[in-house]
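Asks: Spelled out from the first residue to the last, the chains are:
2 protein chains.
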Amino acid sequence: MIRIGILGYGNLGRGVEYAVEANEDMELVAVFTRRDPASVKPRTNVPVVHADKAAEWKDKVDVLILCGGSATDLPEQTPAFAKLFNVVDSFDTHANIPAHFAAVDAAAKAAGHVGVISVGWDPGMFSLARVYSNAVLTNGTDYTFWGRGVSQGHSDAIRRVPGVKDAKQYTVPVPAALEAVRSGANPTLSTREKHTRECYVVLEEGADAAAVEKAIVTMPNYFSDYDTTVHFISEEELQRDHAGLPHAGFVVRSGATGKDGEHKHVIEFNLKLDSNPEFTACVLAAYARAAHRLASEGAKGCKTVLDIAPAYLSARSGAELRAVLL
Amino acid sequence: MIRIGILGYGNLGRGVEYAVEANEDMELVAVFTRRDPASVKPRTNVPVVHADKAAEWKDKVDVLILCGGSATDLPEQTPAFAKLFNVVDSFDTHANIPAHFAAVDAAAKAAGHVGVISVGWDPGMFSLARVYSNAVLTNGTDYTFWGRGVSQGHSDAIRRVPGVKDAKQYTVPVPAALEAVRSGANPTLSTREKHTRECYVVLEEGADAAAVEKAIVTMPNYFSDYDTTVHFISEEELQRDHAGLPHAGFVVRSGATGKDGEHKHVIEFNLKLDSNPEFTACVLAAYARAAHRLASEGAKGCKTVLDIAPAYLSARSGAELRAVLL
Chain E
1 MIRIGILGYG NLGRGVEYAV EANEDMELVA VFTRRDPASV KPRTNVPVVH ADKAAEWKDK
61 VDVLILCGGS ATDLPEQTPA FAKLFNVVDS FDTHANIPAH FAAVDAAAKA AGHVGVISVG
121 WDPGMFSLAR VYSNAVLTNG TDYTFWGRGV SQGHSDAIRR VPGVKDAKQY TVPVPAALEA
181 VRSGANPTLS TREKHTRECY VVLEEGADAA AVEKAIVTMP NYFSDYDTTV HFISEEELQR
241 DHAGLPHAGF VVRSGATGKD GEHKHVIEFN LKLDSNPEFT ACVLAAYARA AHRLASEGAK
301 GCKTVLDIAP AYLSARSGAE LRAVLL
Chain V
1 MIRIGILGYG NLGRGVEYAV EANEDMELVA VFTRRDPASV KPRTNVPVVH ADKAAEWKDK
61 VDVLILCGGS ATDLPEQTPA FAKLFNVVDS FDTHANIPAH FAAVDAAAKA AGHVGVISVG
121 WDPGMFSLAR VYSNAVLTNG TDYTFWGRGV SQGHSDAIRR VPGVKDAKQY TVPVPAALEA
181 VRSGANPTLS TREKHTRECY VVLEEGADAA AVEKAIVTMP NYFSDYDTTV HFISEEELQR
241 DHAGLPHAGF VVRSGATGKD GEHKHVIEFN LKLDSNPEFT ACVLAAYARA AHRLASEGAK
301 GCKTVLDIAP AYLSARSGAE LRAVLL
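From first to last, the protein sequence lines are chains E and V. Position one of the first sequence corresponds to residue 1 (the UniProt record's numbering), numbered consecutively onward. Position one of the second sequence corresponds to residue 1 (the UniProt record's numbering), numbered consecutively onward.
Hints were generated in silico from the structure; no laboratory data involved. Don't be surprised by glycine CBs; every beta carbon is placed ideally from N, CA and C. One should not assume that every hint holds.
[Said to hold, decoys possible] Which residues of chain E face chain V? A few of them, derived with a C-beta cut under 7 Å, are:
| no. | residue |
| --- | --- |
| 1 | Val29 |
| 2 | Val49 |
| 3 | Asn139 |
| 4 | Asp156 |
| 5 | Thr188 |
| 6 | Thr191 |
| 7 | Val230 |
| 8 | Phe232 |
| 9 | Ile233 |
| 10 | Cys282 |
| 11 | Leu306 |
| 12 | Leu325 |
| 13 | Leu326 |
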């Protein structure tokens with residue numbers, strides 16, 4: 001059995017708890033938290049330990065899955081905990097991956113551990129789709145679409161607008177753009193042409209709806225480059241109709257081969273997820289298995305999904321995979 | 001530069017010739033053939049060498065890409081040429097992969113070479129999709145659909161029917177079945193419910209069309225389990241409308257996570273190819289790069305796509321991949 005620890009018991013941590021149950025060769029041995037352990041109530045009967053005491057679990061946890069956020073938690077936690085454990089995280093700030101890789105690599109190598117970073121669906125499974133399809137179709141163009149699904153970052157940005165009590169934001173791919181890409185037509189698409197943004201907003205009592213709407217649709221980086229629609233709804237409607245965290249997305253590469261590129265090819269990978277955190281947790285669990293195996297073979301340092309052979313993710317043997325899934 | 005050799009100059013060999021040109025770190029150094037070399041005319045200015053003289057090229061070829069058929073060529077050729085070179089093949093008889101793996105593994109290990117087998121899209125990229133999605137969604141169901149595209153095996157089977165001069169067979173997924181799978185409904189589908197078969201047949205002069213049609217639609221294994229339609233056309237129409245070798249396909253895994261499996265997820269990988277052999281050749285070229293790198297690191301023996309980390313396929317460095325595609 002691979003002994004798994006979880007650091008951070010929010011949506012993602014709860015997802016990992018389910019994912020470990022769904023993998024017969026894994027057991028959850030501890031949940032680590034920076035909160036008062038007595039205040040954290042896991043769904044299953046697993047000890048809750050303060051993060052400061054993690055060193056005491058050094059020999060009792062094979063892989064620690066870090067379930068914090070990319071903005072402030074993981075840049076500090078992943079290198080720190082790589083000194084104690086093999087670790088897996090879902091660091092998803094694309095621009096900062098090289099720096100995060102370097103920090104985790106140094107810590108993991110010094111301690112003789114394996115750290116797998118940026119595991120999830122984007123980065124993660126979408127990265128795999130991009131790298132495989134680029135290596136195969138060298139003459140081509142990449143497209144990534146996200147949605148329809150909830151963007152936590154955009155929902156948070158709306159919640160910071162004065163007069164907003166609560167909000168959910170959906171990122172939605174433009175159907176015509178997706179169809180053009182899938183057809184192999186190789187279109188050039190602006191930001192506005194690829195995605196629209198749908199906002200469901202609960203106002204504070206007495207707030208000025210027109211002012212809130214204007215503040216949202218003109219917000220730089222988040223909304224101003226998109227066609228954004230704002231729907232004002234009641235708190236009850238938000239709870240009833242928008243409580244979930246669904247997401248989806250598409251990675252498409254279209255390219256050409258042969259004489260004067262006469263033959264067109266389209267490679268597509270897509271996901272449709274009822275629960276973004278539970279699915280991300282499943283990917284983390286599979287890469288926790290890989291981290292454990294790599295460490296057992298003597299590997300050290302930081303890895304990403306690009307550095308790990310697919311067979312390492314599976315509980316099945318190489319012979320079984322060749323016979324059944326190849 | 002990675003020095004590539006091709007064994008066998010048919011549709012696939014010609015595709016590899018294009019694929020090598022599309023990879024800046026590769027050069028084609030020789031085409032090997034079992035025919036009279038003077039009768040083989042590559043599109044580019046590359047030497048043609050009789051296969052019996054391949055040993056003379058032992059130190060001049062880094063990776064030999066085998067472009068023969070799975071029925072009789074590859075079971076013999078891949079182990080034989082693994083004694084001389086690192087090799088890559090597209091062996092696609094799923095049931096015989098374990099035996100082929102064992103033969104290539106023994107030959108490649110004894111000679112200190114790397115042999116990568118069953119590279120292409122199914123087996124190959126579809127195998128990757130199946131293994132990744134199974135490892136992530138452990139509680140789920142797999143579906144593979146092929147088409148719309150030309151099945152060479154089924155076209156050949158029709159050509160063996162008395163009275164048939166020439167034929168092309170298209171495998172076609174049933175749209176309703178594909179939609180049900182994509183919706184996450186997890187349907188149980190019979191062979192007949194998943195695919196239909198469309199046959200375009202040129203009759204010999206004086207042949208009995210009704211007898212030919214009956215022989216096709218009742219043919220065991222190939223057609224009797226499917227709804228098959230037979231269209232009789234002229235030789236000119238076959239040349240004009242059915243000269244290409246397009247193909248397509250879909251790998252879908254749907255599964256569930258969370259409390260009582262309340263959250264459904266669908267992972268889909270699909271391909272749409274104007275030229276099956278040219279696309280397969282692109283996959284072979286990417287894995288030739290991986291074979292060369294693995295051999296340079298001292299690896300020996302047989303590998304499949306499941307044993308090779310994605311970064312090995314790409315001409316870009318690890319740092320560049322992390323910065324740009326992860």
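Asks: Can you give the numbers of the hints that this structure goes against, from lowest to highest?
Replies: 1, 2, 4, 5, 6, 7, 8 and 9
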